[in-house]
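Those letters in the sequence shown? Residues 1 to 807, per the UniProt record's numbering, in order.
Since the hints were made in silico from the structure, they are not lab data.
Bear in mind the structure is a predicted one, so any value in this text is a computation, not a measurement.
Careful, some of the hints might be misleading.
Below, a list of computed lysine-lysine pairs in the DSSO-like style, where the Cα atoms sit at most 30 Å apart [what the hints assert, rightly or not]:
id: 1; residue 1: Lys278; residue 2: Lys143
id: 2; residue 1: Lys571; residue 2: Lys4
id: 3; residue 1: Lys571; residue 2: Lys528
Quick list of simulated restraints, FRET-style, between CB atoms [stated by the list, open to error]:
id: 4; residue 1: Asp265; residue 2: Asp439; range: 51 to 59 Å
id: 5; residue 1: Cys170; residue 2: Pro121; range: 23 to 31 Å
id: 6; residue 1: Ser632; residue 2: Thr748; range: 21 to 29 Å
id: 7; residue 1: Gly21; residue 2: Leu775; range: 55 to 63 Å
id: 8; residue 1: Ala688; residue 2: Ala23; range: 35 to 43 Å
id: 9; residue 1: Arg105; residue 2: Gly61; range: 40 to 48 Å
Glycine included, every Cβ here is placed at the ideal spot set by N, Cα and C.
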Amino acid sequence: MQAKWRPVWEKLDPFKARDDGSAERRYALTMFSYPSGDLHMGHAEVFALHDLLSRYWFQKGYDVLNPIGWDSFGLPAENAAIKRNEHPATYTYANIETQAESIRRYGMSFDWSRRLHTSDPEYYKWTQWLFLRFYERGLAYRKASFVNWCPYDQTVLANEQVIQGRCERCGHEVTKRELTQWYFKTTEYAQRLLDDMELLQWPEEILLMQRNWIGRSEGAFANFQVEGRDEPIKVFTTRPDTLFGATFMVVAPDAKLAAELVTPDQQAAFDEYLTAVKSTTEIERLSTERDKTGVFLGSYAINPVTGERIQIWAADYVLADYGTGAIMAVPGQDTRDWEFAEKFGLPIVRTVQPSADFEGKAYTGEGPAINSANDEISLDGLGVDQAKARIIDWLDSKGLGERTINYRLRDWLLSRQRFWGAPIPIIHCPACGEVPVPDDQLPMELPDLRGADLAPKGVSPLAADREWVEVDCPKCGGKAERDTDTMDTFVDSSWYFLRYLSPEYTDGPYDPAAAERWMSVYQYVGGKEHAVLHLLYARFFVKALHDMGLLSVVEPFTRLLNQGQVINQGKSMSKSLGNGVNLGDQIDLYGVDAVRLTMVFAGPPADDIDWADMSPGGSLKFLQRAWRLAGSVEAPLGSDPSTGDVELRRITHRTIADSAELIDSMRFNVMVARIMELVNATRKAIDAGPGAADPAVREAVETVAVLLSLVAPYTAEDMWETLGYEPTVAKAGWPEVDPALLVQDTVTCVVQIAGKVRDRLEVAPDIGDADLEQLALASDAIQKALDGRGVRKVIVRAPKLVNVVPA
1 MQAKWRPVWE KLDPFKARDD GSAERRYALT MFSYPSGDLH MGHAEVFALH
51 DLLSRYWFQK GYDVLNPIGW DSFGLPAENA AIKRNEHPAT YTYANIETQA
101 ESIRRYGMSF DWSRRLHTSD PEYYKWTQWL FLRFYERGLA YRKASFVNWC
151 PYDQTVLANE QVIQGRCERC GHEVTKRELT QWYFKTTEYA QRLLDDMELL
201 QWPEEILLMQ RNWIGRSEGA FANFQVEGRD EPIKVFTTRP DTLFGATFMV
251 VAPDAKLAAE LVTPDQQAAF DEYLTAVKST TEIERLSTER DKTGVFLGSY
301 AINPVTGERI QIWAADYVLA DYGTGAIMAV PGQDTRDWEF AEKFGLPIVR
351 TVQPSADFEG KAYTGEGPAI NSANDEISLD GLGVDQAKAR IIDWLDSKGL
401 GERTINYRLR DWLLSRQRFW GAPIPIIHCP ACGEVPVPDD QLPMELPDLR
451 GADLAPKGVS PLAADREWVE VDCPKCGGKA ERDTDTMDTF VDSSWYFLRY
501 LSPEYTDGPY DPAAAERWMS VYQYVGGKEH AVLHLLYARF FVKALHDMGL
551 LSVVEPFTRL LNQGQVINQG KSMSKSLGNG VNLGDQIDLY GVDAVRLTMV
601 FAGPPADDID WADMSPGGSL KFLQRAWRLA GSVEAPLGSD PSTGDVELRR
651 ITHRTIADSA ELIDSMRFNV MVARIMELVN ATRKAIDAGP GAADPAVREA
701 VETVAVLLSL VAPYTAEDMW ETLGYEPTVA KAGWPEVDPA LLVQDTVTCV
751 VQIAGKVRDR LEVAPDIGDA DLEQLALASD AIQKALDGRG VRKVIVRAPK
801 LVNVVPA
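Please put together the full structure from these sequences, using the hints given.
Here you go:
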């Protein structure tokens with residue numbers, strides 16, 4: 001069937017978006033494919049789920065945009081190419097063609113006319129154009145700071161790309177390094193990223209992950225004057241009510257502030273400590289189980305509410321990019337500060353009344369304020385909220401602080417010291433500084449560098465190509481140099497869904513009119529591993545483009561469906577574990593349709609699928625049973641189904657109605673179960689009556705074909721042809737439901753004794769509990785089963801269940 005129908009579909013090309021206003025539009029999008037080899041079992045699942053939805057909307061008559069493309073820049077492709085001694089372009093585009101062939105074989109309903117690759121100059125020209133628009137608005141900037149450094153990939157990483165202290169791409173432990181790098185100012189959109197979550201129909205788990213990553217916290221800045229320094233240290237705290245308990249200060253050792261505050265007599269000790277800190281990861285530094293370390297900087301600050309002179313320390317449990325890189329240490333109310341104070345013999349003052357038996361550790365709960373008064377203000381006896389409000393007002397009135405909101409979110413570090421990415425379109429001129437590449441000189445293309453050593457060296461391989469690096473300054477004409485870093489591949493995938501709208505458009509990254517017609521994406525399907533990477537970045541991009549007047553929408557993806565992981569024998573698939581499953585092998589054994597059906601029928605989309613527990617062979621047998629139905633139909637094409645068997649028609653129309661409801665609620669596996677029930681009922685009608693010539697049988701089999709087209713397109717197409725229709729079943733249209741056939745005259749009520757089924761009764765759908773109980777107890781079968789025993793209790797769930805508990 002696959003060899004038969006694939007060329008037919010490719011000739012008919014039925015899945016192009018019409019984009020002519022003839023129907024309501026729906027933009028269906030699956031997460032960007034990465035060309036890291038052929039399709040695997042994870043692809044098989046996400047594509048099966050996504051295709052079910054898009055095909056359903058095609059059948060329902062929507063104008064569906066369902067594009068395909070490849071996120072073809074990035075580290076994995078570059079590393080793999082280097083290992084093979086190939087150019088990244090050679091490796092990447094070969095993989096793309098391999099995947100494209102497999103996707104076509106898999107029967108996906110993509111609009112191939114909109115295909116794109118982010119590594120094409122025609123694409124990254126507009127990635128660079130967008131960078132320049134961000135630069136003009138101050139949303140792209142360059143600064144020196146300590147950054148996450150992957151020693152294996154020899155490049156910097158954004159905070160979001162460090163997972164439990166390790167590189168998100170290669171898994172190696174991440175260190176810190178001070179470099180001058182490019183950033184996107186995501187922090188400017190922190191609150192809007194939070195507020196606009198109300199517009200999203202996303203899994204709550206993903207929304208919570210984004211809220212936690214953005215990390216909004218309300219509090220105050222308090223100003224601590226430093227001895228011998230004009231400028232005070234501004235410290236952010238969520239608990240300004242505990243200021244009276246601030247007995248020392250802690251500065252991140254890798255913050256610029258620490259280097260400014262260290263005194264000459266402490267310089268050597270500080271330098272030694274800083275060197276040690278640079279070799280630790282953020283995860284290690286924030287671990288609550290790790291022994292506290294630090295060094296006194298020799299400087300002192302003044303507590304703004306007590307007037308006391310307090311020591312300033314450097315310690316690695318404070319991070320440079322949180323707030324100002326300095327905290328007020330309140331050991332009485334903070335566990336980390338308590339442990340630090342105990343180790344280094346620093347004062348501890350409680351400012352919240354703990355319970356009577358609370359000793360020997362920090363009290364982090366709530367309670368009335370204590371030890372919190374000076375000559376001008378007293379917080380003693382107040383609860384936390386009242387105390388916070390009063391102290392903030394007092395600090396503000398004295399010019400010692402101000403109410404504020406802080407965020408955990410940090411600006412997006414986008415520079416990469418690698419070759420295979422979009423070059424950053426900035427020229428560095430000794431006279432003019434940073435000079436944007438003029439729009440009419442875009443794209444600033446990568447040099448070929450075939451045969452060059454592209455292995456990571458800590459600086460971009462582009463830096464070695466002096467012919468490419470050295471250019472004339474566009475502003476003054478003097479000698480200048482191109483920026484040699486490339487952009488993080490997440491920049492490419494933060495706007496690809498917009499390029500799909502008009503991939504041939506040459507006057508901008510996308511046609512604004514097309515964006516007005518299609519955005520936002522109606523349904524996005526993909527893995528939850530991108531919750532705080534791609535999804536957050538794409539949301540930031542769309543909001544920035546909205547503010548530039550380039551988009552009317554403020555969110556890229558209205559609805560989000562996350563699929564689970566495909567595992568085997570309870571574990572993630574791995575060659576080293578010997579539990580890998582090759583998708584191509586499964587398709588060769590059982591066929592595309594059986595694999596797709598197995599993926600959809602396995603359970604709710606978000607659940608993991610253990611392939612060891614799946615039965616693609618069982619799916620194949622079911623599909624064969626369904627396929628044989630088409631050959632059994634004897635009623636001619638165009639027969640009036642209203643003249644056929646009413647009971648079969650009821651089952652058919654109930655299946656159609658239930659399937660639509662189940663798909664809309666993402667209960668795809670239950671929808672497949674309904675199709676199976678209809679197949680069984682139809683086979684029974686053919687074999688036991690009313691027979692193959694009944695028009696109701698033809699209606700039922702046609703319905704099976706249309707419903708199966710969502711999950712098993714090859715089988716469905718073959719059935720459709722056997723039934724006498726021209727291809728393609730994908731555009732047959734969703735079957736209409738006769739409401740009269742949905743009305744149930746009776747329902748089957750199961751009657752149990754002590755949980756064991758003893759009788760089945762046909763009852764009215766609206767029967768009451770009392771009437772149903774009386775009817776059940778009057779049943780001859782029930783009376784016989786009770787055998788004279790009395791009844792202790794009757795549990796009624798009208799109209800479908802009665803459970804009798806004997807005495």
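Do the hints match the structure? See the list:
no. : hint                        : verdict
1   : Lys278 x Lys143             : holds, 19 Å
2   : Lys571 x Lys4               : violated, 37 Å
3   : Lys571 x Lys528             : holds, 18 Å
4   : Asp265 x Asp439: 51 to 59 Å : holds, 56 Å
5   : Cys170 x Pro121: 23 to 31 Å : holds, 27 Å
6   : Ser632 x Thr748: 21 to 29 Å : holds, 27 Å
7   : Gly21 x Leu775: 55 to 63 Å  : holds, 57 Å
8   : Ala688 x Ala23: 35 to 43 Å  : holds, 42 Å
9   : Arg105 x Gly61: 40 to 48 Å  : violated, 28 Å
The structure shown violates the earlier hints numbered 2, 9.
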